[in-house]
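Participant: Sequence:
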Amino acid sequence: MALKQKITLKHIARELDVSISTVSKALKNSEEIGRDTKEKVQAFAKLYNYKPNNIAISLKNKRTKNIGVIIPDIVHHFFTTVFRGIEKYANAHGYNVIVCVSDESFDKEVINMELLANGSIDGFIMSLSAETQQKDDFNHLKEVTEQGIPIVLFDRVTDDIECDKVIINDFEIAYDAVTMLIKGGRKRIALVTTENYFNVSKKRAEGYWKALKDNGLDLNEDLILKLPYTEVNDAVIDDFFANHQIDAVLCVNEIFAISCMRSAQKKGLRIPEDISFIGFTNGILSKYATPTLTTVEQHGEKMGEVAAQLLIERVESEVDYDEETYTTEIIKARLIERDST
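The opening position of the sequence shown corresponds to residue 8 in the numbering used here, with each subsequent residue numbered one higher.
A couple of the hints might just be wrong.
[Said to hold, decoys possible] Between beta-carbon pairs, the in silico distance windows are:
#1 L224 / I337: 25 to 35 Å
#2 K53 / K339: 32 to 42 Å
#3 D229 / T297: 50 to 60 Å
#4 D43 / E202: 51 to 61 Å
#5 I231 / N176: 19 to 29 Å
#6 E238 / T332: 16 to 26 Å
[What the hints assert, rightly or not] Derived EDC-like pairs (lysine to aspartate or glutamate); straight-line CA-CA distance at most 16 Å:
#7 K274 / E228
#8 K45 / E22
#9 K142 / D225
#10 K220 / D167
#11 K194 / D225
#12 K149 / E121
#13 K220 / E280
#14 K47 / E22
#15 K149 / D167
#16 K194 / D241
#17 K209 / E228
#18 K58 / D43
#19 K309 / E138
I should point out that these hints are in silico values taken from the structure, not numbers from a laboratory. Here the structure is a predicted model, which is why all the values come from computation and not from measurement. Don't be surprised by glycine CBs; every beta carbon is placed ideally from N, CA and C.
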């Protein structure tokens, strides 16, 4: 172990092959711990210059009744609904919610977490920013969990962090959506998506591919359009529809879907006679589009409520935080059929 590294209870426990609560009790000279173990732990802690983390200690001892929420953006209707669900559940259980927007930026996500992890909140609920997923760097999350601050991740999650997670069945629902299009007689089905480092987009793309394969259709890479998450580029979309014969489109969010529908209409295609569309997120755009958009209802509010419940249970449980198993709750999305299919 590098001497420079800031050592935590977790490190000591791992090195000496004992539980975290044993280390914690041994350092506090608890009578429950045998003398040998106590001396071993204390010697090791001294050798590596272990300093107890006052934030973690104060968090264990007193609750702030505040929850920190970090969302990647406030444009997408989905994140608004998740936040509403979090707030509803948290308020009903006597907690306040502080919300920060990372604006898809890694730096902002880190700053927001540092700002809130100084003892002003009991735990985090968050969805990873695009840059965090792109960089594949989750050290700021690891540091927070090692301080004993619980995190619940939703929607955009990572396997690199051991914590509770709330997601939807992205693969399955994309598979069902494409299958529905195929059953409706569609054969040249496009996928309009974001970069692969978004775990949700990756899962939706896998569902799309599998549905094509299971129905005897070839995967045509030309029919996959990857758009940057930052802005919707109408020229790129127009070009895509001008140069390809497409009779159906699955879009990973509703903003993409509305832009693509507009582009198809500009080309003179009739929806749904000539081309069908399915989007994700049952938001305001989907309901008021012309024609109205068939969409995947992600149950954002339910996702928020489940995330808040998991976090508050974690905060209020007396069991040592690190020694529990974490759960991944999967919310079942559903297709809402409207006039675009």
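Participant: It remains to establish, for every hint, whether it holds in the given structure.
Facilitator: Going through the hints against the structure:
L224 and I337 have their C-beta atoms about 27 Å apart, which keeps the hinted 25 to 35 Å range intact. In this structure the supplied range 32 to 42 Å is violated for K53 paired with K339, their Cβ-Cβ distance being about 52 Å. Against the hinted window of 50 to 60 Å, the Cβ-Cβ separation of D229 and T297 comes to about 28 Å, which falls outside the hint. Here the CB-CB span from D43 to E202 is close to 54 Å, well matched to the stated 51 to 61 Å.
In this structure the hint that I231 and N176 lie 19 to 29 Å apart at CB holds, the actual value being about 21 Å. Judged by the Cβ atoms, the range 16 to 26 Å given for E238 and T332 is violated: they are separated by roughly 41 Å. Using a Cα cut-off of 16 Å, the hinted pair K274 and E228 is violated, with the two alpha carbons roughly 22 Å apart. Between K45 and E22 the alpha-carbon distance is near 14 Å, which keeps this suggested pair within the 16 Å criterion.
For a cut-off of 16 Å, the pair hint linking K142 to D225 is broken: about 32 Å separates their Cα positions. Under the criterion of a C-alpha separation no larger than 16 Å, the hint pairing K220 with D167 is inconsistent with the structure, at around 30 Å. For the proposed pair K194 and D225, the alpha carbon gap of about 9 Å is at most 16 Å, so the pair holds. Only pairs whose Cα atoms come within 16 Å are accepted, and K149 paired with E121 is accepted, the gap being roughly 12 Å.
A C-alpha spacing of about 24 Å is found between K220 and E280, which places the hinted pair above 16 Å, so the restraint is violated. Simply put, K47 and E22 have alpha-carbon atoms about 11 Å apart, close enough for the 16 Å limit, and the pair holds. Simply put, K149 and D167 have alpha-carbon atoms about 9 Å apart, close enough for the 16 Å limit, and the pair holds. The straight-line distance between the Cα atoms of K194 and D241 is roughly 25 Å, outside the 16 Å bound, and the hint therefore fails.
Note on K209 and E228: the hinted pairing holds, with a Cα-Cα distance of about 15 Å set against a maximum of 16 Å. Note on K58 and D43: the hinted pairing is violated, with a Cα-Cα distance of about 21 Å set against a maximum of 16 Å. For the hint linking K309 to E138, the alpha-carbon distance of about 26 Å lies beyond 16 Å, and the restraint is violated.
This entry does not satisfy hints 2, 3, 6, 7, 9, 10, 13, 16, 18, 19, going by the numbered hints stated previously.
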